Amino acid sequence: MDRTTSASMEMRSEGLGTTPSEHPAFAGRIELPYKLTTGRAASVFLAELASRRIVGSRCPSCARVLVPAQDFCAECGTAAEELVVVASAGSLSGFTETAAGVLGLIRLDGASTDLVHRILDAGLADLQVGQRVAARWAEEAQGSVLDIVGFAADDAPAASEEVRPLSDPSDPVIEQPYRLRLDYQHAYGPYYGRLFDEIATSRRIQGVRCPRCECVLVPPREYCDTCFVRTAEWVDVADTGVIKAFSIIHLEFVGQVREPPYIYAEIVLDGAATRLIHTVGGIEVEEAMERLHPGTAVRAVWKDGEPVGTLEDIVYFEPVFDD
Amino acid sequence: MRDVAIVGTGQTKHARRRTDVSQAGLVREAVDAALEDACLTFADIDSVVVASGPALFGAVNQPEKWLVDALGGHMKPVVRITSGGGTGLAGALAAMNQVSSGFVERVLVVAYDKLSEGALQYQISTLYDPFWGREFAVGIMGFAAAYWRARIDALGHTEEAAALVSVKNHRNAMRNPYAHVKKEVTVEDVLASRPLAWPIKLLDVPPISDGACAVILASEDAVPSITSTPAWIRGMAYYGEADNAANRFMLQSVPLQLAAQRVYKRAGIVNPRRQFDVAELQEPYTNFELSYYEGLGLCRSGEAADLIASGATEMEGDIPCNPSGGCMGANPIGATALIRLAEAALQVTDKAGERQVPGARTALVQAGGGWANLRGVAVVGADRN
Numbered sequence: 001m002d003r004t005t006s007a008s009m010e011m012r013s014e015g016l017g018t019t020p021s022e023h024p025a026f027a028g029r030i031e032l033p034y035k036l037t038t039g040r041a042a043s044v045f046l047a048e049l050a051s052r053r054i055v056g057s058r059c060p061s062c063a064r065v066l067v068p069a070q071d072f073c074a075e076c077g078t079a080a081e082e083l084v085v086v087a088s089a090g091s092l093s094g095f096t097e098t099a100a101g102v103l104g105l106i107r108l109d110g111a112s113t114d115l116v117h118r119i120l121d122a123g124l125a126d127l128q129v130g131q132r133v134a135a136r137w138a139e140e141a142q143g144s145v146l147d148i149v150g151f152a153a154d155d156a157p158a159a160s161e162e163v164r165p166l167s168d169p170s171d172p173v174i175e176q177p178y179r180l181r182l183d184y185q186h187a188y189g190p191y192y193g194r195l196f197d198e199i200a201t202s203r204r205i206q207g208v209r210c211p212r213c214e215c216v217l218v219p220p221r222e223y224c225d226t227c228f229v230r231t232a233e234w235v236d237v238a239d240t241g242v243i244k245a246f247s248i249i250h251l252e253f254v255g256q257v258r259e260p261p262y263i264y265a266e267i268v269l270d271g272a273a274t275r276l277i278h279t280v281g282g283i284e285v286e287e288a289m290e291r292l293h294p295g296t297a298v299r300a301v302w303k304d305g306e307p308v309g310t311l312e313d314i315v316y317f318e319p320v321f322d323d
Numbered sequence: 001m002r003d004v005a006i007v008g009t010g011q012t013k014h015a016r017r018r019t020d021v022s023q024a025g026l027v028r029e030a031v032d033a034a035l036e037d038a039c040l041t042f043a044d045i046d047s048v049v050v051a052s053g054p055a056l057f058g059a060v061n062q063p064e065k066w067l068v069d070a071l072g073g074h075m076k077p078v079v080r081i082t083s084g085g086g087t088g089l090a091g092a093l094a095a096m097n098q099v100s101s102g103f104v105e106r107v108l109v110v111a112y113d114k115l116s117e118g119a120l121q122y123q124i125s126t127l128y129d130p131f132w133g134r135e136f137a138v139g140i141m142g143f144a145a146a147y148w149r150a151r152i153d154a155l156g157h158t159e160e161a162a163a164l165v166s167v168k169n170h171r172n173a174m175r176n177p178y179a180h181v182k183k184e185v186t187v188e189d190v191l192a193s194r195p196l197a198w199p200i201k202l203l204d205v206p207p208i209s210d211g212a213c214a215v216i217l218a219s220e221d222a223v224p225s226i227t228s229t230p231a232w233i234r235g236m237a238y239y240g241e242a243d244n245a246a247n248r249f250m251l252q253s254v255p256l257q258l259a260a261q262r263v264y265k266r267a268g269i270v271n272p273r274r275q276f277d278v279a280e281l282q283e284p285y286t287n288f289e290l291s292y293y294e295g296l297g298l299c300r301s302g303e304a305a306d307l308i309a310s311g312a313t314e315m316e317g318d319i320p321c322n323p324s325g326g327c328m329g330a331n332p333i334g335a336t337a338l339i340r341l342a343e344a345a346l347q348v349t350d351k352a353g354e355r356q357v358p359g360a361r362t363a364l365v366q367a368g369g370g371w372a373n374l375r376g377v378a379v380v381g382a383d384r385n
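Chains A and B, in that order, are what the protein sequence lines are.
For the first sequence, counting from 1, position 7 maps to 7 in our numbering; every step adds exactly one.
For the second sequence, counting from 1, position 116 maps to 116 in our numbering; every step adds exactly one.
Bound conformation, chain A alone (with noise of 0.2 Å):
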């Protein structure tokens, strides 16, 4: 559990080199949900791989195509509106190997611009550039740049006609469902390891004190604010406090961790001179919009059983009335 040791935070160093630190770190995740705009020139490329079309965008001031179909051109920033078919088939410009496989920047012909794809049935040693590749298509087609599998060397030569017009467009398909997921390795630091340490070890909340302005910090850390000088004592606070501020969430939202209505808080320890984000619970909400003010006394009530070493060993703080 302990998140510190500070007798071995000394950098270990090789030569120019450090190894990663193996102490443990603090899992986060964030995933979010979105439904990504793809825009107008975009919205017809995609369309148009399930007609097996590959679509481009012409520049009218420079005349270049640009692939996939672009709204604007790279290269004068004109907006490209016409929309133009590439053939399917072109030439290798250059490929590289990733964890993926093997990946290519294919000239299709016709097009003033490579498309990255990737490069199928084939390792570095087969491939060169100049080489022709074609298409493959997926089998389905699901309104996304996958709907080609890949390319693969081919021996078809170029077509004689490289660009002819889109007709018959297809509906565009104008949102892309798409979901990013982060894994973080956040590192605690000796200041949030020895606090989380102790806060799994004793239920203690620790803070730092700051020599010039002798406020208490919490949570810990290296240099005071708003003085600019580094912090020295490590000084415990209680689990009692002050709110601060307080309201009341009714708010439904993606990635929300509390079933609402409850009541967010941000509380000032007894000892510290910092806020404490968390909950008020013990307390219903009608109740709390008459009783609860900013300055009314909170104690904090743990939770049973084991702790883990995150402000969650807390399960809220309760209000503390005088009568």
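Just so you know, these hints were derived from the structure itself, not from any lab.
A few of these clues could be false.
[Unchecked claim] If the Cβ cut is set under 7 Å, some of the chain A residues that face chain B in the computed set are:
no.: 1; residue: Phe72
no.: 2; residue: Gly77
no.: 3; residue: Leu180
no.: 4; residue: Pro219
no.: 5; residue: His278
Predicted, not measured: the structure shown is a model, and the values here were computed from it.
We treat Cβ as the ideally placed atom computed from N, Cα and C, and that holds for glycine.
Based on the hints, put chain B in the right spot on chain A.
Then chain B, alone, in the frame of chain A:
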């Protein structure tokens, strides 16, 4: 240091969701409008500043790289500035400094967000420290509501006073062709609206919007060949404070006061209520507008409720605030502060159409982001300092 003026502005058709344009298409719409307004082309632009909110809003990291094509940025300086709700003004500040320093003559600054793409409150909650509070975060709304509740006790910023801000800004938005929320509301409607993070209720909250704004800044040397009606930036500043410093004062924004002091000194403003003809304030919730009245010196601390009740900040009052309707008409977060600046420029050049404050020559602009810990102020005028 050279004087800098706004010589063109443009806004998109803002909407709850624009499915007809990608993020690139959205910014281009605002840029085309600004270029047309200034009678300039991409060839006249020396440098581009992109301003947008957290990258998680649009799921595209480093969007300025992606937008270079749409912004005519090929082979030009292109940078991105981000600073929460104050992003647009922070971008304008960077652009202004590029011009005033002599680095370039004409800069395009474009600010945008396409908020309909994702899950806004969760995205904003990721601004919290992952160790310290993120699991309890409710975007910025829980926080904003909590300190409004504290100001109700300490400064008398009542729910009724905030409701008057909602009524005023909704009414003003009716005259703004760029606003997409066009609905008159009453104090009773606001007070009876659904609580989201009490005391914040549905009608205290601006919409979630897709939108962009573009502004072209030019040096005093370049202005005469572009326009005879520039809007001079007479001062601009942006200050921050440590979010969880000891004894942080949450009732008034100290960085707002610092920014105002600095800008007022440069622009010779000693009596803001009398010297400003109009103000554009970036109010993410109604209660913030009350707080800004005090922080900007339009009234004394604790008098904001009286100020809104007096009608002074209405269109017919002596210091109309948010003739555009503010964020209540449209709220594409990264763009909102630049929209405030653009609206101020329209006011002092007599181009604000139905929302024009007659004879306005000096305008106040305010913007803010982060945990209410980043605050910007600008003064825009028909005249130079």
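Violating hint indices (sorted, rising): Violated hints: none at all, because every hint is consistent with the structure.
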